[in-house]
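Chemist: Protein chains in written order, with the UniProt record's numbering: chain A, 1 to 283; chain B, 1 to 283.
Simulated from the structure, these hints should not be mistaken for lab results. There may be inaccurate statements among the hints.
One-sided excerpt, in silico: chain A residues whose CB lies under 7 Å from chain B [said to hold, decoys possible]:
{"id": "1", "residue": "Arg63"}
{"id": "2", "residue": "Gly84"}
{"id": "3", "residue": "Val86"}
{"id": "4", "residue": "Asp199"}
{"id": "5", "residue": "Tyr201"}
{"id": "6", "residue": "Trp266"}
{"id": "7", "residue": "Pro267"}
Positions of the beta carbon are idealized from the N, C-alpha and C atoms, including for glycine.
There are 2 protein chains.
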Amino acid sequence: MAKATTWSVPVTKALRADGAKVRKFDTSATPGFKGNKRAGEALLAERAQVLSDLQERLYANGRSGDQRSVLLVLQGMDTAGKGGIVRHVIGSVDPQGVDHASFGVPTDTEKKHHYLWRIRKELPRAGQIGVFDRSHYEDVLVVRVHELVEPPVWEKRYDEINKFERKLVDEGTTLIKVAMFVSLDEQKKRLMQRLERTDKYWKFNPADIDERAYWPAYQEAYQAVLDRTGTEYAPWHMLPCDHKWYSRLAVTELLIDALTGLKLEWPSAKFDIEEQKRRLLES
Amino acid sequence: MAKATTWSVPVTKALRADGAKVRKFDTSATPGFKGNKRAGEALLAERAQVLSDLQERLYANGRSGDQRSVLLVLQGMDTAGKGGIVRHVIGSVDPQGVDHASFGVPTDTEKKHHYLWRIRKELPRAGQIGVFDRSHYEDVLVVRVHELVEPPVWEKRYDEINKFERKLVDEGTTLIKVAMFVSLDEQKKRLMQRLERTDKYWKFNPADIDERAYWPAYQEAYQAVLDRTGTEYAPWHMLPCDHKWYSRLAVTELLIDALTGLKLEWPSAKFDIEEQKRRLLES
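From just these sequences and the hints, can you work out the full model?
Modeler: Dropping the structure here:
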C-alpha cells in the first residue's frame, strides 16, 4: 500500500465492488485517495518503480520454476482509458515480463470455437503479468446487450466464467479484475477529442456513437457481471475513470498489492556460489 | 537521426557490419557517438520520447490497414545485454505495440518442427514492433558450435534464412538485425556480478561458464552469420556492448531510423468528421 498520508483507505478496499450499483456509481470520484491530481501523479512516478521491482521478482521466480502469475483484466466502455492504463501503468515494467492481449470482435476462427478458447490461448505464462484489454466478459456484455446469442446461452456463462476463474486461481494465477467506468458526458468529451485531433482519428469509430444509445443496457449488463462473477477468489474492483491520473494510480496500487501478496523473495542459488566463482575466474 | 552535435556518423552507418571482423571488433568502442556516458544517457531519455511517438504512428497505421511492421532481432552472447535493451529501449514504448519473443533451447514440440516454425509463430503483427531476444540465428550459432546437427544441415540454413528474410521484407517487415558483442573480460565481470548479488543469482547458469571455452568457435560462427546473411534488404549491425549506455542509445537510434524511413503519417479519417461531430453532440 502507498503512504498513509495519501491513501486513507487501501485501494483494494476502496474499489471493492461488493454490492455497489453501477447506475449510482460516481465516475468522477477518487475513492480512498486524499491528494489532488498533482499529488497523484507524483505518487504514480514513485510507485511505478515499486511495481517494476516487484514485477522483476515475479519474473525471476517464474524463470526459477515458480508457476505463479498475475492477470489484470481491464473491462470497460469505450474511452474508459484501458489503453492509457496499459501504456502508463504496464509501460513502467519490463516488457519481457508482460503478456498483453486485447480482445475485439471475434475473428472467424475464434467464432468457430467456445468463447473461452481465445482467452485460454492468451493466459499469462509463469512469472508473467498478463494484461487483458477486454476479456471473456465481452461474452456477457456486448453479446448480451446486442443479443448476439440467445439469453439461455449467455445466461449460463456467468457460472462457467466463475468455474474457469476458480481453476485459474487454483493453478496459481492472481486475478485482478477491474471494471472501468466513465460518465456519459466524459465519454462524449473524449470521443469529441478524437474527432478534433488528426492524431486521434484512428481511434474513432462511428459505431462508438451508436453504442451510447445502449448505455442503460450496458449498465445493467455490467451490474450482472459484478453481482454474479464477483467472487472471493476473483473479486471485482469498480474503477472511476473520469480522472485518468486517479485510474492509473489506482491500478498501479492494485498490482502492487497483488504482487506484494505473493511474498516474492529472490530465487536462491541452485549452485555452489563459491565453486562457480572459482570456475569463472579460471575461465 | 540524433543531433549533429552528438553523432558524428549516422548510427546505421557507424554500426554497419560490411566485412568487419568479429575477432578484431572493439567491444568497448562507441562508434559514431561523440559524447560520454552522461551525454549518452541524457540523449537516450530524449530520444526515447521520439521513439515512443513514432511507435504510436506505426501502431495507428497498423490499426488502419497498413500491413507494415518492424522486427528488431537481438542476437548476442550471454551478458551482452539483450534483456537490458528490451527493458530500457523497448520499455519506453507502449506495450500494446510490442510483440516480444525470446528463443531459448527448443522445447520438445519445437524440436519436432522445422527451426523456422517457432520463429514464424512470433513474427510481429501489422503495426507492431517485434522484438526477438535470440532468433533463428541460434540455428547457425549454438547449433553449429556444438554440432547439434551435421554440417550439411546447418550449412544450407544461411541461404534458407536469406530467403526467409527476403520474404519477410517483401511482405512489409523492416528488419533490424543487431549482433551484440562484449569482450571475454567484460563477460567475466558481468557473470561475477550475478554470483555476487542475491537479486542476480536467478540469471546465472553454470553452463554459461562452459560456453566461454567456445569463444573462438562462436566468433567464427558469428563471422559466418555476418558474412553470409548480411544482405541489402536485411543488413547486420555490429553493436559493441561493453558500455551499456551506448548499446541502448544505439539501438534506440536504429529503431528511430527504421521508423522514420517508413514515413508514417497519422491515418486520415475514414468518416465525415463534421457529420460525426453532429451525431456525437446529439447522442
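Chemist: Compare the structure with each hint and give your call.
Modeler: Here is how each hint holds up against the structure:
no.	hint	result
1	Arg63	6 Å, holds
2	Gly84	10 Å, violated
3	Val86	5 Å, holds
4	Asp199	5 Å, holds
5	Tyr201	4 Å, holds
6	Trp266	5 Å, holds
7	Pro267	4 Å, holds
Going through the hint list in order, the structure does not satisfy hint 2, though it satisfies all others.
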